[in-house]
Structures are given as structure tokens and as C-alpha cells.
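Colleague: Each chain is listed here by its residues.
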Amino acid sequence: MAVRAAHELRDGEVVFVGIGVPNLACNLARATHAPNLMLIYESGAVGAVPDRLPVSIGDPALVTGSLAVAPMADIFQYYLQGGRIQVGFLGGAQIDRYGNINSTVIGDYLHPKVRLPGSGGACEIAIHAQRVVVVAPLSPRSFPQAVDFITSPGLNGKYGTRESLGLPGAGPVRIVTDMGILAPSHGSGELELVGVYPGLDADAVRKKAGWPLAVASTLEPILPPTERELHLLRDVLDVDRLYIGKRGE
Amino acid sequence: MAVRAAHELRDGEVVFVGIGVPNLACNLARATHAPNLMLIYESGAVGAVPDRLPVSIGDPALVTGSLAVAPMADIFQYYLQGGRIQVGFLGGAQIDRYGNINSTVIGDYLHPKVRLPGSGGACEIAIHAQRVVVVAPLSPRSFPQAVDFITSPGLNGKYGTRESLGLPGAGPVRIVTDMGILAPSHGSGELELVGVYPGLDADAVRKKAGWPLAVASTLEPILPPTERELHLLRDVLDVDRLYIGKRGE
Amino acid sequence: MAHPSGSKLMTMSDAIGRFVRDGDVLVIEGFTHLICFAAAHEIIRQRRRDLTLCRLTPDLIYDQLIAAGCAKKLVFSWAGNPGVGSLHALRRSIEKNPDRPLELEEYSHFGLVARFCAGAAQLPFWPMRDYRGSDLPAANPLIKTVTCPYTGEELATVPALNPDVAVIHAQRADASGNAQVWGLYGVQKEAAFASDRVILVAEEIIAESVLRSDPNRTLIPGIIVDAVVCEPWGAHPSYAQGYYDRDNDFYIEWEDISKDPERLATWLDEFVYGVAGRSEYMAKLGPERKQRLTASPLMSEGVNYGF
Amino acid sequence: MAHPSGSKLMTMSDAIGRFVRDGDVLVIEGFTHLICFAAAHEIIRQRRRDLTLCRLTPDLIYDQLIAAGCAKKLVFSWAGNPGVGSLHALRRSIEKNPDRPLELEEYSHFGLVARFCAGAAQLPFWPMRDYRGSDLPAANPLIKTVTCPYTGEELATVPALNPDVAVIHAQRADASGNAQVWGLYGVQKEAAFASDRVILVAEEIIAESVLRSDPNRTLIPGIIVDAVVCEPWGAHPSYAQGYYDRDNDFYIEWEDISKDPERLATWLDEFVYGVAGRSEYMAKLGPERKQRLTASPLMSEGVNYGF
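Sequence lines, in order, name chains A, B, C and D.
Heads up: the first sequence begins at 1 in this note's numbering, then just goes up one per residue.
Heads up: the second sequence begins at 1 in this note's numbering, then just goes up one per residue.
Heads up: the third sequence begins at 1 in this note's numbering, then just goes up one per residue.
Heads up: the fourth sequence begins at 1 in this note's numbering, then just goes up one per residue.
One chain only, chain A, in its complex shape:
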């Protein structure tokens, strides 16, 4: 997923980086096709160039050698709400048919089955980033028809479309999973499968979603990770296998 997520980034873009796979993806992109990627962390580090894989979103390695440190009030008001962030990365326990994301609770809000961490900056990233890339492994439980709680608004939902709500950003335009890539179909905002990883069958992948996942008429070609990408992930960026696990990806 880290390699696919890295491919979503273009050189020179301003990216709001979350911890975990998004962070790994950003640093992989910086080491390969996007050396001028501008990493901004909600903790306040701007133009970070971490020389170790940050364990937390506020790792001291994000500050050392960065271009600027901003108070969080500036990060949320001037950078994010100010429209300066081009790409936001989000994960979530549940992503639904319209890209709404739940990172708050499984079950009822007041009497939850599982209490998740909550929004953090996710709600406002989903609203303000010019586009959002979501990273999450595909499974029926994680991709239900409708999420238990909308932490971060997607493309359409019970409160309306992004347009009717006046949300500034384009929302979750790419969902990178461990089997393929989902993207909103033109018009409805419903997610459809637009690409599958090499060796996987689109029809098998689509059954992993919790709703009848549509498949795009033409699938994007997706190449396997290059040797260099795998080397960077395994031997440089995530030596301790904090995020890539033992499978490599």
C-alpha cells in the first residue's frame, strides 16, 4: 500500500502527512519520484526531512532540519483552512460506499463496541485538503455500505453532497487498499474499483467490499513495486518493519 500511496503524489506538492503508512508513502515518494515533496505535519513541522522513520506525528526528527515550525493554530487556520494543502492522507477503521470515513466508534456513539481514537485532524483534512488520499486494507468489515459514524465527510452522505455542503476540497478522490484502488465514479460520488494489483482478479477484489462494488469500464494499469522501491521500504525507510509488516507490502 505504501508504494501505491506514494504514486498518488506528484513532485512539488504540499502534503499533509499522517502517521503510519501515509508517512512511509511520503518519504518513499521523496526518495524516488518526488524529491521536492513538501511534507507538513499537523504537529507543526513544515518541510520536514526526517532522517529516521518518525514513530509519532510529533517526532523530534521532524523538526530537526525542517524549513519551519508553526504553532498548531497556524497549521489549522492558515495552512489547512487557508487552502494551502494540496494532498491530505487519511486512514480509518471504516470507509463507506461514498468515501465517508469513521475513526471514532464502532457501534453506537454513547455505548460503543469499540472506542477508536477519534478525529484528530481528520475531519478538517477531509474538508479542506484540495484532494484526499485514503489508505486502508480492503475487507467487508472495513468497507461497509454505511459507516457507523461519519468522522470525516466523503463525497456524499446523509448531510448532502460536498457541493451542497460547500466543502472547499475535492474529498477522497483515491482510496488505496491492499488489493486495488477505488475512486469516485463521475456524478454520483460512489466509489468504484479503478485498478487491481498485479496477479489479482477484479471480480475477486470487488467482493471484498461490503456493498456491491462497481468496477470501472477500463481498469488502470498498475505495475508491481520496483526493486528499488522495495529496497527503500525494507532496508532504508522501515528497517524495523513498523508499518510494512513481514510481507513486504
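To be clear, the hints were calculated from the coordinates, so they are not data collected in a lab.
Even for Gly, the Cβ is constructed at its ideal location relative to N, Cα and C.
There is no bait here: all hints are sound.
What follows is a set of in silico ranges between Cβ atoms, one per label pair, in the way DEER data are often shown:
1) 111/A to 270/C: 26 to 36 Å
2) 111/A to 250/C: 26 to 36 Å
3) 255/C to 227/A: 30 to 40 Å
Starting from the known structure of chain A, fit chains B, C and D onto it as the hints suggest.
Modeller: Just chains B, C and D now, kept in the frame of chain A:
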């Protein structure tokens, strides 16, 4: 006036300092009875210890050796509106019977006879400082019955009393002039003469106001400036006679 | 408000004893960086009760306060063990404590940052573009809206947060509480200005003249500070840029410690109730850990303040 | 928005030529400190017209732009020659120019600071406790009120200010426009974030590695900057802490120069139209003045960014 204004300050107070006589008064107080006076300038210098008399409110000497430099957004929001300023100093071209101050225009706003500099921070200092000391030479023209334009609200006026307006600070509780001191009478908020300088006659002084200035039943004793105070003003703080003029005070 | 100058130096025990009361609304801020665990442990030792704990990320520090029974309510925006997993004491108090559940008041990061901004500015609310399309306003009725007097747009609002007391950790401060911070600022300045009382904890107390030689580094002015505590390593297992690194191993260990209530109780007994203060705590951790975490030198250059 | 990295270095003449247009809403900020006179003079030389000039303190810089006929409107909060007297070109355009008066839009300092805050945050308004009991809202109908959704209180509001272009002067910057400032900050950060285009002028261009060695000094990030101009002494007669002092003598001289329209025109001919740029202007002022104003060294100590 600088000496009288300095006497209005108590050691350890947090003072919002304006340029000119207020600045001179604050530095005189710091050199005499109030060494722990905390000088805050609207330019952002906090705990300034200028080693020369600042010509402007943003003089570099206010920064060098200060305790902190704050963005102006913090100065106005967190320090002033936040209620952290105990004393504010103001001047003005006109001060009226109820302590309203005009530093905007003489004459009509749209077609002024004289265009003055305007509010700067005066309006919000008058509203938020816990108490305000006004410094201005007494004359019928400068102390009219009613000001041409209320830049900074006083104790009472066409919009209501401070209480009815919900203004947080006590307003202009002391008006230091070149002949005596005015203060609001209890209740009405109308200014009255509460002290005259040595050698001056209360009845003569009260006629310098543009309205029938009341005289307090008991006048405060006001001592002449000490030799040390005059020495500090003339030979240390304002060597170039930028503010004290040739008369000494 | 505190006296602007003069020494406010005291021990952590005195500072907590004098300025933190049962039932207080308390904020110990610091975003990953400069989280004052030393203050939290002293609060646990002094057995404060019914606190309303406010923080963007409750982190291990509030998990410990909750486990020790100090908390009545939590005001937060992201409750996890960053990069590791869950805050299990917190989760137990929500998921498995139907009789006396911890009260929750939940925002997003921006929302809670905005609450501190409003509090610091003594405004009753703060406007923002947020929450449209989200279930958060339905879960928290304190998230409201206001109509812009210029454009007619409806904007989200949060109410001011004005805690009774803030604990602010800084790299260095003078005895009056003027405090300098570099590295991540988080929302420490806003939390300090928003609070009625401020306890300033520093890794190091410096002479006023050193502080005055670089006034642009000062984040917190002494005029809003009530107590100054010198507490080296006071932020461990969090970090202080230029002093010591984050103890990521302990953050990982906490996953197992906090999962098991008995193990957590044993940990509190040993590392909090069982020590008099921070220096004993650090001694218990051992010199190897201290040495491993001590920051290597990477000094910035000075700039010219002359004129 | 500008590209985040890569060199944006160009001459002042190119920067003004490319990014300042007739009719623009322009802000050249800097509160006493770091006022970019070099940019204003280039705007005069390139004969821009119908500008809406925004600044807390119009100062000599806008008095010159007004005298040169560049301005249509002034948005301001304190219009004087600080510590000296009046801005006479500005006053003439108000008091003695009934046919084509300069439009005025007037706030207090707090009000104009708040307009930049709203602009930077992309909010349509900013709430504040201000203006009650004052005639300012009667003079400026853009000062309005909003009702707090929590307390029912009526608060003052100002609308966002989003200039077309901002000129920001800094002590030093890298070629991408990441800029470091110490001494007074004024409202430069907010003005920069509020503006569509940003011209960053620095006393000195430094290597990115030098800037990255002290990231907490960075006030303006390069991602919002369109042009970077290296212009030593570009703020004279204003000052740059650590580089040169304020030329208070010139502020006093301006009183006489600006009082007399002919003398002002002669001054503009000699010091603005008559020079190609800042280095010729400084040469004209003479080496004695430069030497007298050069800052003496008073270096701060570095801090540790290691971990």
C-alpha cells in the same frame, strides 16, 4: 506631565505604553519608584528595557534585551483583549467632559478641518486596559464639552455608560494635564479637578476647560518634581529634549 | 493574574499543592513534545479527584490520570497511543464501566485548538470552517454555528475553553516564568493564556539575562505564570528537543501495561506512588535509559539583535 | 499558489513588474520594523495607478506612494509620522483635494490586525470585543456585529482582508522564499497568508541549510511566496534588527519635505525616479549615513536542535 504621569504607576504593574510623554513617564517610573514595571508596547515588545529613549513605538531598542516579542495578533487578542494589561496610557487632541477621547478628526469626519492620525490601538486600549491614564495639556480647545469624534470611549457618552456597554476596563480614571489632574466624580463619570500643581490656583485652572469644570471638595496634595526626577528627565531619559521641551516639564 | 516579576520558583509538590484543586478543569498540553508527565504524577500522588482533563491527545499522561482515579471528564480530540495502539485505561472507562463512565466531550484537533484560541482571547466563541458533513456536531451539541454578517454563510463555532489551571512544560525559563520553547509549539501558548492559573515547568532555569538575549524565543510571558518548577526530565517519556528524545520503547510497553489493570496498578505503585518525585523516578529508570535518550548536540547559530 | 521549492530569485524590478498590477489591493506591512521602501519606490518608478493601499500605519512609505499618484484608496488604522508629526501628502489628499479625494477606510489597529487574521484563515470575518462606545463603526459601515451562539453577547466584527499582493520584508530568506525574522513581527505573517501573491524581500539570501538549522525562526514559508528579491538596505529609512537602525533623522526631515508639494516632487525626482534601484539610492545617501546606521553586533546564543 511626565513626572505626574509616572506617579500614576505602581511597581510591578503591566503597562501598555504609547509613544511620547507616556513612554517617558514609564521609563521615569522604572528609574525611580517602580523598577519592576512591565512595559508592553503595541509593536510587540514585552518587558522592554530600552537603553535609549525610543523615538518610535517600534524602536529596535525596545526589542534588544526585552523579555519577549509577540506578534501583534497576540498583543491585541491575548494581552489586551485577554485582560492582561493593567494600565493603558492614552493621549488625544480632544478629551471631553466624560473622558471620551478624539484622535481622529477635528470637524466633520468626511470633510475634516484637521485630519488626525486616528485610533491606532487607542480604541481598544480604552476598552480593555484595567484602567486608563490620559496625558494631555489643558486648554479649552483640547477639553471641549463634547469631542468632535469619539475615537476611544470614556466613562459615559452618546452610546451609554461603560457598564451599559459592557466595557471590561474602568476607562480613563486619571487625566494628567500640564496644570492639574482630573478624575471622574463618583456616579456620573463627569471629570472633575482633583489636584493642581504647586503654585497654581484651582479656580484659574478650572477655567482652562471647555466646560464648567467641577472642583473636588478635597484637592489631592501634589508635590513638585524632585531634583532626581528632573535630573533623570533632562540628563538621562530625554537628553535631546524630544518630549519635555525647553521648559523642563 | 500573577505578579510580573520576582521569583516564583517552587517544588512540583508545592506547585500542585497550591494551584491544582479537586474538581478543577485542568490542561496539561504539549503535542507529542514537552508533555509534563512529572506534573501528572504529582497530581496522582496528591490524589486529586474529579478533574476535567483537557488535551488534544490524552496520550499516556491522561491514561495514567484516568487509571489513578483523578478524572471525572475528558475533553479531547484524538485518544490513542500514537503509532502504537490504544489507551486502555481510557477505553475501559468508556467501554466497560457503565455505572460511572468517564464523561467525554469530543472535538477534532482544529476544534479544540480553536477553543483554546477563544479562551486565550477572552472571546466566548471561535468561528471556523469545519464539521459540515460530519457526525461530530450531532455527538457534541457544543459545536454550533454562526452566520457571517458579511456573506451570510453559516460557519461552525466552538465555545471558549478557559481551564482553571494549565501546566506548561518548556525547555527553559527564568525564575519569573518567562519561558522559551523551540521545536514543536503545539497549542501551549494558547492553553496558557486561556487558563486562570499557570504552572510553568522547565528543564532548566536560566538567568533573566540569557533569556533577554534572545526574546523572540520566548513563548510564554511570566506575567501569566503563577509557579515555576525546575524539573529536568520532567517530560519523559515524552521529549524535550535538545534535551532528550522521546522514549518510544515506553510508549510501546504501555500497550501491555495498560491492557492489564493489575499490571497498570503495579506500575503506578512502583513509578508514581513509590517515588517522591522526578529524580527518584529517573533513578528508577536507570542510567542506561537516560544515556540512550540524551540528545546529541546540534546547535543553531545565533542572530544579531544589535541596532 | 506558488511552487513550494526551487529558486524564485529575481530583481525588484521584475518582481514588481510581474506581480503588482494597476488597481491591485496592495499591502506592504512591517510595524516600524522591516518596511519595504525599496518595493514602494519601484512601484512609483513603474507608475502603478489606482492601488488600494493597506497598512496599519501608512507611514512615510504610503505618503510617498500617495504623493506619486499611485493610490486610489487607503485602508489604515494610524496615519501619522511616528514621533514626528503628520503625513502631509496624505493630509493634503484628504483636506485639500475635494475633486478627487483619496478614499479612506479606517479601523483601529486591532481591527486591521483582525482583518488580516481573517484573510489568512480564509474566514469571511473575525470577531472581537471592540468599538462599543466609539464613533468608528459609524464612520465605517464595514465594522459590524455578530451574536455569540453561546452567550448571546453582541461582538464586533471586521471583514476579511485578502489583498491581491503583499510585499514582506525579512532579514533573511532562502531562494524559495522561506523567510526568517527576529525582532518585531508586526502583522507580516498574517498579511502574507492573507494575500494572493507574495513578494518576499530579504536583506540577505541564505543557504537552505542555514535556514533549516533554526526552523523556529522561520516566519513565512516559501510555499506561499511567488518572488524572492535580495535587497540590502531595502527597508531604509525603516530598519532591520541586526542589520541597520531606523533613520530617525529622515523621519524628521520628511516633516519639511512632505509639507511642501514642490519640495516633495523634487525629492521623488532625486531619490526615486532619479535612481535605477536601491543600490543607487543608498549610494546617493552617502557612506556616512550607511556607516552611522549599521547595526553593532549583539549576537544571541544558539540552542540545541538535537534529539
